[in-house]
Amino acid sequence: MAKTQVNPTRMELTKQKRKLVTAKRGHKLLKDKRDELMRQFLDLVRENKALREKVEAGLRRANGNFVLARAGMENEAMNVALMAPRQEVYLEMTTKNVMSVDIPVFEYSTRTTDPNDIYCYGFAATSSDLDDAVKSLADLLPEMLRLAECEKSCQLMSIEIEKTRRRVNALEHVMIPNMQANIKYIKMKLDENERSTQIRLMKVKDMMLEQAHHYKEHSAAES
Amino acid sequence: MYKIAVIGDRDSIYGFAALGLDTYPVSEREEAVKTLKSLSQGTYAVIYITEALLAVLADEVAAYATVKVPAIIPIPGVSGNTGAGIMNVKKMVERAVGSDIIFNQ
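Those protein sequences? They're chains A and B, same order as listed.
In this text, residue positions in the first sequence follow my numbering: the first is 147, and each later residue adds one.
In this text, residue positions in the second sequence follow my numbering: the first is 22, and each later residue adds one.
Careful: at least some of the hints might be erroneous.
Taking lysine to aspartate or glutamate pairs in the EDC-like style, the calculated list, with each CA pair at most 16 Å apart, reads [what the hints assert, rightly or not]:
1) Lys111/B - Glu308/A
2) Lys111/B - Asp189/A
3) Lys55/B - Glu81/B
4) Lys281/A - Asp263/A
5) Lys111/B - Glu199/A
6) Lys309/A - Asp248/A
7) Lys24/B - Glu238/A
8) Lys309/A - Glu115/B
9) Lys112/B - Glu308/A
10) Lys58/B - Glu81/B
11) Lys195/A - Glu115/B
12) Lys89/B - Glu238/A
13) Lys55/B - Asp30/B
14) Lys195/A - Asp121/B
15) Lys309/A - Asp178/A
16) Lys89/B - Asp248/A
17) Lys58/B - Asp80/B
18) Lys24/B - Glu253/A
19) Lys330/A - Glu158/A
20) Lys24/B - Glu234/A
21) Lys111/B - Glu193/A
22) Lys179/A - Asp248/A
Hints were generated in silico from the structure; no laboratory data involved.
Assemble the whole structure, with the sequences as input and the hints as a guide.
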């Protein structure tokens, strides 16, 4: 059953055959791409899950510390303490190509190298709980960045996997069967044409012989 | 050179300022939409957003899923963990694999 109308000609047959070869090759390549993407995605998503659990637990602890710090200090003093941060974080982003998906790789650098620069306030007017809170958050920063990297990669890869999977399925279940059906249809039609030509030729030959030699009259006369 | 932003309710995010991340406290939806838009112009490669705010801004954030920059990452706020972050990861697995094979053990 050919869904699309095709001309049953030899030229069309060659065209369809060539298309089928390309489609099969594309199908194989896309399937390999999907499998490899899936493998990498699963590794990454497992890491993502572990990281997220770690970061969420860490943030819960840090938030708890901040609540404690706020309880021990005046609200204004707290605002003033964190108003002018000394430290700044910069990100350098490069991309890594995984199976034609560009996934980000972050490299972070701080404005100053001194790890104590996260404490941007005088120690006299602030409680030590604030120091603990800021420290707990600072310790979490590398993991948070890794999480960002991981999660974005997972996101991009999941989209790509979905796309690839659709392409593979479309090729496997629609394009290739369609082309095979077309090829079969053209072949049958060509064979049929050839047979009918042959029969016609045989018939014509019979008629010509009959005209030349009058077999029928001879056989009628003999009997 | 990119920077990192944190957006959410003030109580959840003010601590990040000390580390050198840029904090953008927002309380209303309109304000949040506007802030998110201006943050996504290319200065920030990573935007951390509190889960509470993410619930409000889900559609706006979803539009950035396909682009490389910025990465919008949900984090739990001071009001507690709503599970939206892990749900997000779950959804990605479902999208890629077809069914959730990581979390249902």
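Status of each hint after checking the structure:
Among the hinted pairs, Lys111/B with Glu308/A is consistent with the structure: their alpha-carbon atoms are about 15 Å apart, no more than 16 Å. For the suggested pair Lys111/B and Asp189/A, the alpha carbons sit about 14 Å apart, so the restraint of at most 16 Å is met. Using a Cα cut-off of 16 Å, the hinted pair Lys55/B and Glu81/B holds, with the two alpha carbons roughly 10 Å apart. Restraint check for Lys281/A and Asp263/A: satisfied, since their Cα atoms lie roughly 11 Å apart, inside the 16 Å limit.
With a C-alpha separation of about 13 Å, the suggested pairing of Lys111/B with Glu199/A holds against the 16 Å cut-off. For the hint pairing Lys309/A with Asp248/A, the CA-to-CA distance comes to about 15 Å; that is within 16 Å, so the pair holds. Restraint check for Lys24/B and Glu238/A: the C-alpha separation of about 9 Å stays at or below 16 Å, so the hint holds. Annotation: proposed proximity of Lys309/A to Glu115/B holds, straight-line Cα distance about 14 Å (limit 16 Å).
Distance hint between Lys112/B and Glu308/A is fulfilled; the C-alpha atoms sit about 12 Å from each other, no more than 16 Å. For the hint linking Lys58/B to Glu81/B, the alpha-carbon distance of about 9 Å falls within 16 Å, and the restraint holds. Distance check on the hinted pair: Lys195/A and Glu115/B sit about 14 Å apart at the alpha-carbon level, within 16 Å; holds. Restraint check for Lys89/B and Glu238/A: satisfied, since their Cα atoms lie roughly 14 Å apart, inside the 16 Å limit.
Among the hinted pairs, Lys55/B with Asp30/B is consistent with the structure: their alpha-carbon atoms are about 15 Å apart, no more than 16 Å. Of the supplied pair hints, the one linking Lys195/A and Asp121/B holds, its CA atoms being roughly 13 Å apart against a limit of 16 Å. For the hint linking Lys309/A to Asp178/A, the alpha-carbon distance of about 14 Å falls within 16 Å, and the restraint holds. As the CA atoms of Lys89/B and Asp248/A are separated by approximately 8 Å, the hinted pair is consistent with the 16 Å bound.
With a C-alpha separation of about 12 Å, the suggested pairing of Lys58/B with Asp80/B holds against the 16 Å cut-off. Simply put, Lys24/B and Glu253/A have alpha-carbon atoms about 11 Å apart, close enough for the 16 Å limit, and the pair holds. For the suggested pair Lys330/A and Glu158/A, the alpha carbons sit about 12 Å apart, so the restraint of at most 16 Å is met. For the proposed pair Lys24/B and Glu234/A, the alpha carbon gap of about 9 Å is at most 16 Å, so the pair holds.
About 13 Å separates the Cα atoms of Lys111/B and Glu193/A, which keeps this hinted pair within 16 Å; it holds. Note on Lys179/A and Asp248/A: the hinted pairing holds, with a Cα-Cα distance of about 14 Å set against a maximum of 16 Å.
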